[in-house]
Structure formats: C-alpha cells, structure tokens
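Chemist: Below are the chains, spelled out letter by letter.
2 protein chains.
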Amino acid sequence: MNDDHPVLVAAERARAASYGLAVATREQKDRALHGMAAALETHRDTILAANADDVARAEEGGTPANIVDRLRLTPERLAGMADGLRDVAGLPDPVGEVVRGSTLANGLELRQVRVPFGVVGMIYEARPNVTADAAGICLKSGNAVLLRGSSSARSSNAAIVEALREAVVAAGLEADVVQLVPGDSHESVKVLMRARGLVDVLIPRGGAGLIRSVVEESTVPVIETGVGNCHVYVDAGADLDKALAIVVNAKTHRTSVCNAAESLLVHADVAEEFLPRVVPALQEAGVTIHGDAAFTAYADVVEVTEEDDATEYLSLDISARVVPSLDAAVDHIRLWSSQHSDAIVTDDLTAARRFTAAVDSAAVLVNASTRFTDGGEFGFGAEIGISTQKLHARGPMGLPEMTSTKYVVTGDGHIR
Amino acid sequence: MNDDHPVLVAAERARAASYGLAVATREQKDRALHGMAAALETHRDTILAANADDVARAEEGGTPANIVDRLRLTPERLAGMADGLRDVAGLPDPVGEVVRGSTLANGLELRQVRVPFGVVGMIYEARPNVTADAAGICLKSGNAVLLRGSSSARSSNAAIVEALREAVVAAGLEADVVQLVPGDSHESVKVLMRARGLVDVLIPRGGAGLIRSVVEESTVPVIETGVGNCHVYVDAGADLDKALAIVVNAKTHRTSVCNAAESLLVHADVAEEFLPRVVPALQEAGVTIHGDAAFTAYADVVEVTEEDDATEYLSLDISARVVPSLDAAVDHIRLWSSQHSDAIVTDDLTAARRFTAAVDSAAVLVNASTRFTDGGEFGFGAEIGISTQKLHARGPMGLPEMTSTKYVVTGDGHIR
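One line per chain: the protein sequences are A and B, in this order. With our numbering applied, the first sequence has no gaps in its numbers, which climb one by one up to 429 at the end. With our numbering applied, the second sequence has no gaps in its numbers, which climb one by one up to 429 at the end.
By construction, these hints were calculated from the structure, which means they are not laboratory data. Using N, Cα and C, we set each Cβ at its ideal position, and we do this for glycine too.
The calculated EDC-like cross-link candidates involving lysine to aspartate or glutamate, where the alpha carbons are at most 20 angstroms apart (straight line), are: (1) LYS203/A with GLU230/B; (2) LYS255/B with ASP360/B; (3) LYS255/A with GLU122/B; (4) LYS203/B with GLU230/A; (5) LYS255/A with ASP361/A; (6) LYS255/B with GLU122/A; (7) LYS255/B with ASP425/A; (8) LYS203/B with GLU229/A.
Rough simulated footprint, nothing fancy, chain A against chain B, three-plus residues with beta-carbon under 8 angstroms: (9) 127-135; (10) 365-375.
Next comes chain A alone, as it looks inside the complex (with noise of 0.2 angstroms):
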C-alpha cells in the first residue's frame, strides 16, 4: 500500500484536522451545527439537483423501486436532515465528562474523561440523510469522519458534504473534520480498513454482508451495528392479549428495520390457546408463517427450515415455533439470534428473571415489542446505529458512545 495513497492522505488530513476538533468548545460544535443546518436549505436546489443525477442513474441501471426510493431526496427529506443536525446540537456534549475520578491514598487526582475517538470511519449504503446524520454526530463528540457511502449516492454526498463542510469552516473549524472518502472503488474501502493508526474507529451500517466483509478485512477496530434475527417469545405466564400486540407490532410496525421481529416462540403449554389467534392476525397483516408442525396445521403456513431461523426476512415473514419449556426457548435463542433484541411476553415474575438473565442480547425486553431497541426511543437523542458487539457500545449509540477515555493524572512530584 502506498503511503500517498488517496485514501491514506484524506486521513492523515482527518488526523491533523481532529486535533483542533478534540478540544473545541460545546458552543463552537453547536454554531457548526447550526451552520450545517443552514447550509443543507442554503443549498438545497444543489443538492437535489445532484441526487436526481443518482435517482436517474440508478432508475437507468434498474435498480429496483424500493431501494431507490430510498435513495431519493426530497425538500421534506432534506428539512428532516437539517433538523436532525439542529437536534444534535441540542444534546449534551460528551467530550469532557468525568466519568469516574477520586483520590487516591497518595494524594494523587485520578479522573477518567471522555475524549473523542479521533478519526471515525463510517461505511453504510444508500441512504445519503446518513451522510449528514454521520456527520453531525461525529462532529458533535469531538470525531473527525471519513464518510464512505454507496457510489449510487455519490452525487448526493458529495453536494451535501460540500455545504457541511462550507459551515465547519464558518463556525472556525477545519474543513477537513468531514471529508467523503475519495474513489469509488472497492480498492478505496480496502485502503481504509486498513488504516490502523490513522482511523481509530471503523463503523459500517447496513446489510449483513457489508457487515461480515468489514469486520473480516479491517485491522481497523470496528463496531458491529444493525443485524437483527429478533425473537418474541410466548411464555406460559404471558397474558396473550398483550402477547398477541406485541408479537403483531414487532413483526409488522415496520418490517425493514433491525429490530423488527423475525421469530416467534410459543411454550406449549398456551400453545392451544394461543396460536388460533396470533396465526390468523399475523396472517390479516399480510404475514407470511413459516411455522413448525404445530403451526402448518393452519391453512398457508408455510414448513419451517433450520435456513428460517437463522434468517433476518426484514419482510412480511416470520418464523415460528412452539417450544416445551422457556429454557428451550432460551436454547433456541442462544443458537440462533442474532443477539440484538430478544423478547419475552410473561407475567410471571421468575420467568422473566430468568429470561433476561441467561438471553445475552443487547437489549433483552419484557412485555414490550422489540422495536423499542433505538436510540429515540432510549432517548439518547441521536443514533449513530444500534452496536450488536460486546465491545465497547453494545445496542443503541449516541454521542457518548462515540467516544473513548483518558485518565487524567495530576499529582504535586509524586513518585513510586
């Protein structure tokens, strides 16, 4: 790899760039903000101008309607972006916060501090509002960020991170906290991944395959986000008018998200009561059932494969089985989620205890739908994903999980 690679250049200029951007104020962070917010209306006819560019190149290459529609900005869509920057600079800013600090038995201060990452690389597909939400999050916890988007949205990013950039550099900060990727290639994402030492934190978004091939490939650290295999889980103590809602509103309520619900599990012993009235409602939502034998005695359920279980549909599908107990229930979820959000619908006060001690998932839920997992609904103000990993940030990330510690050790000559 080449030292002046593109690449390797926008990110050494990241490097320089996120020094001054580490220790600037809340108020600068919040007049760039507001600046970008600015400048996405300022320049809006550009940069419609520029997705349309996008919109017709993929119509033209047959992209299919759903993925271009979600390609395609609007004055709406745009007003939304702007007010998701200007939501930003509403929140709290996490850079300084003391997060643990004493005294220790020598004398010594001990305060640990959040401080940025540094340089954050994000990756994601299609959507370019993620290019101006990616932006304003990182900016905001003190990150400089290389953004790679799809190259179908290349006009579009590139129009929207020219005016952010025109506002950073207003607000006195320098242009190149926010810089797209250059080249389109898949060259230029290799490079990238690995750039240990210059970028500090990769973060890909979107399907599981950009996802598999980013933590493969990095020597970057990397933050998983956004693979939901979600179970609900139908325990013999539920009360099955709150299951029958819950099970309906995790499958259906919008079924292309991450935790969206993609498996069913009912213990037997509600079974018979049970599913005569969560087959027919999942089915009156326009739900696929790919159930077991217990399930496939009702008209157009479909038989279930061991592939259905371990599948994220993100469609009207589901899979769904009866279970004998809950700690199978558990073992099912142990060998097939995805652990990003797992649900049990129960009153019973030891089941739930159980459920949520031994079901390790990011967020693991109790009588309510699994689309609660989200950094709105947490009210953490901005998501920056929903991290299914161990490390670091586990479930939805908002500023505070953009960033890392220091300890700050002050002492009056002190020596061992």
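On the provided structure of chain A, position chain B as indicated by the hints.
Modeler: Quick look at chain B alone, frame taken from chain A:
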C-alpha cells in the same frame, strides 16, 4: 478450518460452561476463588515439580537467564499467586451492576446492566503466574477463559490449571470455565484468533510483536495491551527538583515494565539549568542517554536517532531532546508515543491544561511519574492488563473492564 478442531471443541465447551458462570452468584464465585487459592497450596509440590521441568528444558535450550527467571516458580511466588486469587475474591462483583437506568416517558423501565463477555481468550508469554491471575479475574467477572500461555511454560501451566479446575468443580461450577488452549503449535493460536462467535474477546499480553500479530490476524475482537513508549516532558514552568525526581523514577524504578519512561523532552527555557542536573543523575543510575545536540555536549551521551524516538527500550536507556515549546513537545508525543502514559512536569496551570487536553494517551500525568499507570496504583485491586486502544477499555483494566453490558427493558404490553 475443521469444526472439530480441538481448539474449537474447547471453545464450544467454554461457551457452554459460560452460561452457568454468567448467572453464578458472587458468593459462589468467591468460594471458587478461595478454593483455587487453596488448591495452589495443596498442589504446591506437583506444580513446582512441573515448573522445574519447564525450567530445565529452558536452560538446556539456552534460554537467557532473565527469561528463565520469569519462568521460575518458587514457594513464595506460588503463595503470591494464591494471595492474588484471594484478593480478587475480596473485590466487588461487577456483574449485575446497573450502569445507567431510567423510566421512559411511556413508562418503559430501562436498565443498562453489566454482563460478562462470555468467553475470553488470553494469549500471553512466559510468566506462569498470569495463568492463575487471568483465571481468577475472568472467573470473578463471570467469563469462561481459554488460556494460551507460552509453550516454554506448558508443564507449569498444565499443573496450575489442573489444580484450579479441581477447585472450580468443588465450588459447584463447571470445570470448563477454566481451560488451557489445547496444542502448542502456532496453528492452535490461529484457530483461536479466528473463532469469532465462539470467543468473545482476545487479550494478548506480551511483547509488541505478539500483540501486533494478534491484532493483524484475529477476527475475534481484540483488546490491545501494554506497549508503552512513555514520555516525560519538563515544561518551562516546571519545579526542577520535582522534575528530576520524576524523570529518574519514571526511567529507573523498574525498566522492564510498560509504564517506564522511554523518552525525555525538556523545554529550551529550562534546558541550561536542568540538563546539568538530569544528565549526571540518570548516568549515575546507570542510564544510557540517547540525546540531541544539547545532550551530546555531555560526556557519554549517544546521539539520538528517529529509531530511538520510536523505541520502547525496556532497559536503562532513554531518548532525550530539547524542545522549543510545549506545542513542539505535544507534536513529538503525537508522532512517537504509543499513547500509553505521557507526563508533564509543570507548575503552570495553563500549560498543564493544554498538555492534558492535547495529549491523547490512556493516561496523561501532571507532576507524577508514569509508573503510576497501574491497576494496583489506581486502586482497582486486580488488573488483567493495560489497554492502549480506544475502544471499550483504555488504561488499566480491572474487573468492570472485563464486562459488557446489556439493556433490560421492562414494560406492560408496550407496543409502538
């Protein structure tokens, strides 16, 4: 890679055993730790005999005396290992700690709770005491551990682990929460490093080469530890008596450790007064100074090179330069520091604030020796290593750093 590779079989067994350990009470874990300590004493003769074999083999193989010394166990060292396990039993249990909690506007109860990682892989060199230390820290934090020590310590490690497992079982936990990685070959380490999904975290402890190779080759998330190219910067505003004591202490108190100073920077304004004091003081302590022109004016100072700037000597050597300003010191540290521990000596509050804000290391010290960056000194009671990465844990890692978190969300039929 074969699914029934012995390393993967061991990892599967660790995974299965980890479920019980994750929900074990503090009482049960502490009973196991006390039993492990007693077992090291009960099996003293067996362990020392096994260690004598390792030592004899190392000596026959021409291993340097200082490495043989690190390998050697004595009744005193074994007693120290047992005491270490009892100390861990005395520490609070991090598992179950509520890190953050609130009730959301819709009545959902949100709790972010510490949970074990699951399965931890430790890859380390030489010292067999790490085997007991790591087993104790992992057990207390609820993690099953796969121990991969140096092949030179294989008999010692096998004897220690056998004793520990006996005590684990006696305490009602599964033996497989503490295992040696089967096989001595590099291939077995490779399999461990690719066991993503079975192993949750890898912690390499050892030289820079070991750590780099784990970081490069592993698909399992890694916590980088321990490489320390640490700096002491003597500011224009320094109390030179304190500066002298700190420089000598940081360099000579113990040279083979990661928090020893390897580089001295002196502000030009105090060089004329400080160099005539620090040069002889270091030389009298047996230190070889690798200095720039200001230093080579003194007898027996070797000319410094960029290689010296980059080197973690771990010996009685120090690189030394005069810098024109605090900013120049910061630039030098940004370029060369391993971001472990860097210190400023100054009585100037503005300088201290600028240095601690600008230097991004796991520990930034003011008027204190770099030797204080240590879990014991920080009051953590036990330390698995000192993280020099920005994700997850940074600085000395105690028991809380050996955990992840999960969100437990409790509702009453909540849907979106």
